[in-house]
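Enquirer: Going line by line, the protein sequences match chains A and B.
Going by the numbering used here, 340 is the number at position 340 of the first sequence; the sequence numbering is gapless.
Going by the numbering used here, 235 is the number at position 235 of the second sequence; the sequence numbering is gapless.
Be a bit skeptical, because a hint or two may be false.
[As the list claims (entries may be wrong)] Computed cross-link-like contacts, EDC-like style, restricted to lysine to aspartate or glutamate with a CA-CA straight-line distance of at most 20 Å:
1) Lys214(B) - Asp106(A)
2) Lys3(A) - Asp28(B)
3) Lys48(B) - Asp176(B)
4) Lys214(A) - Asp106(B)
5) Lys3(B) - Asp28(A)
Hints were generated in silico from the structure; no laboratory data involved.
2 protein chains.
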Amino acid sequence: MRKIYFTPGPTELHPIVHEAIAQALKDDICSINHRSKEFVEIYRSTDKALRSLLNIPDDFVILFLGSATECMDRLVQNCVLKSSHHFVNGAFAERFHKTAIELGKDSTATTVEHGSGFDFSELPDMTNSEMICFTQNETSSGVATDLEKIYEVKEKYPEAIVVIDVVTSVPYIEPDFSKLDAAFFSVQKGFGMPAGLGVLIVNKRCIEKAKHLKEKGGSIGSYHNLLSLAEYAVKYQNTETPNVLAIYLLGKVSQHLLEYGKEKMRLETEAKAELLYSAIDSCANIQALVKKQDERSKTIIIAQAGDKQAEIKQRLLDSGYVVGSGYGKYKDSEIRIANFPMHRLEDVKNIAEVFSSTS
Amino acid sequence: MRKIYFTPGPTELHPIVHEAIAQALKDDICSINHRSKEFVEIYRSTDKALRSLLNIPDDFVILFLGSATECMDRLVQNCVLKSSHHFVNGAFAERFHKTAIELGKDSTATTVEHGSGFDFSELPDMTNSEMICFTQNETSSGVATDLEKIYEVKEKYPEAIVVIDVVTSVPYIEPDFSKLDAAFFSVQKGFGMPAGLGVLIVNKRCIEKAKHLKEKGGSIGSYHNLLSLAEYAVKYQNTETPNVLAIYLLGKVSQHLLEYGKEKMRLETEAKAELLYSAIDSCANIQALVKKQDERSKTIIIAQAGDKQAEIKQRLLDSGYVVGSGYGKYKDSEIRIANFPMHRLEDVKNIAEVFSSTS
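Take these sequences, add in the hints, and give me the full structure.
Expert: Laid out in structure tokens, this is it:
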């Protein structure tokens, strides 16, 4: 039986990826020079489609890195001299905070329990935080942070660089970039692509900050410092030979979603999420990890299945569905289900049915 | 007409890459979890095949990064506190030196003219160089540095970490790793794969150096520091979600070359190189850029074609062959021809014929 991956990422490939790879091979996309007009056209086309899909303004530049983890690394290296602040509600937010510490910064964190969101009525003093970091959709806990709350933090700390990790929330969410400074994601999640590309979207304030740090004599890194990356990006090129195939595929998937209709895709995502949460909520012995309705991620749905976990996972697998286990210490008790654009309503209905029929 | 790429990289895909990608898609390689047993098996299998192909000893660890440029960046960040020395005979060696400078090191360089090798009878004093860097096969100039000369440098400076950039010389060359500390390459050259993976091979001295730098309070980077990378690599995993497809393909290409016969592949490479250099040497108005026979790269062959360059490139293109232009300021006067395992003898004969018939 053909398996369908509902894992948080890597996940099921978007169906158009198969044909797009075949076309790329036919058109020698992997052999062309990364300084050629052909490559520039690919980068430009991907840039345009992604800008349109996520409504990215012209004063933001789109940079291609190796992974979302590299985006964290380069953001800290380029935008933080002394300290950043991290809102930590799971393993990926913690990774961002740890990155800052490992890069020698005196960074701070606001930490909440597994499955919880933040209390925005009690914000810490972030006056000295050069960068404020949110993992907008925490993949390990399925907690989504309301973008409006993040915009309010930006309003309160306009001098800080406010960054959102949207690894598992794009392309479902469309952030208001005018109220942010940077966002990043990787492509093996919502875009349904093979892993190996990180996308970092930054405004001029980030670039200016990198310039400032460099002028103060600090190192902002080498080939992947924001100044070099941005200098090449305006020419639709990379500093090094990038993952050309992935840049090509990202353009094709984005273009496809635009043609399909981004509003339609978003409404469908919400409908599928509603189905899954309803099914989980209807179970007697299983609960959604995230209790507060307004903190529940639409794209990463987590069930506390306890001793039913293995049985449910097996029943899903018997129907062809691969879902994720809980992250880290919740490996054997939680089930994580991704709900991305390539995941079809009829499959989600089948998954929901397995939960509903669990005694 | 189907084009065949003889460009230095990205270049023609190895023919088995097409079928390997098809198999990968069929087997859901891009959807599996990067902490799963399936992934561990892929990493282990690639590690094994590559070790066998390049004769990498057990006390070296194979790490997967984003590009060869990232390998330079991470090596400097992890193995150099104050200074490295760079043998610079072209743009890629210069990139390595520049990387060290950009990362705040007080690094030095021995520089020679375009198309020349180094005079090993007059070595600089490298007593204070923690890392000594050779671009063993300089892609911008087609100069190959004799591995024996590099081993002699290592013998003279046993305390230094000696690194070779073998981006365009593997899998043709098989370095003696017992006389080196690190080597790195990217896969879109001799391995004929899509770009997006850097391979860094390091011994324990590099890891120990990273540990030492960290203990002294310096930052060796975050998720891609050598300690974290090596810690995961022994479990056949990466610190982040890597380019899984590329790791899979590298294993398939390496396995194929092993079955084909590495000695046979190497002898063929030398025969094809001989054909190309002979044809270029036979031209009245065209010369090989590298004058000294023993400095001529077998895998990157460069012709100084002067005002014949555009004409020859066009004639080659008319026959279906895409070759590279000169690097940087030699863009309009030189022709760079790659000679990798996937490049067939009959095509090389056709290319040689175009040179031989140039008046």
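Enquirer: Now, for every hint given, state plainly whether the structure supports it.
Expert: Hint by hint, here is what the structure shows:
For the given pair, Lys214(B) sits about 16 Å from Asp106(A) by alpha-carbon distance, which is consistent with the 20 Å threshold. Taken as a hint, the Lys3(A) and Asp28(B) pair is honoured in the structure, with Cα atoms around 8 Å apart against an allowance of 20 Å. Between the alpha carbons of Lys48(B) and Asp176(B) the distance comes to roughly 17 Å, so the proposed pair stays at or under 20 Å and holds. At roughly 16 Å between alpha-carbon atoms, Lys214(A) and Asp106(B) fall within 20 Å of each other, so this suggested pair holds.
A C-alpha spacing of about 8 Å is found between Lys3(B) and Asp28(A), which places the hinted pair at or below 20 Å, so the restraint holds.
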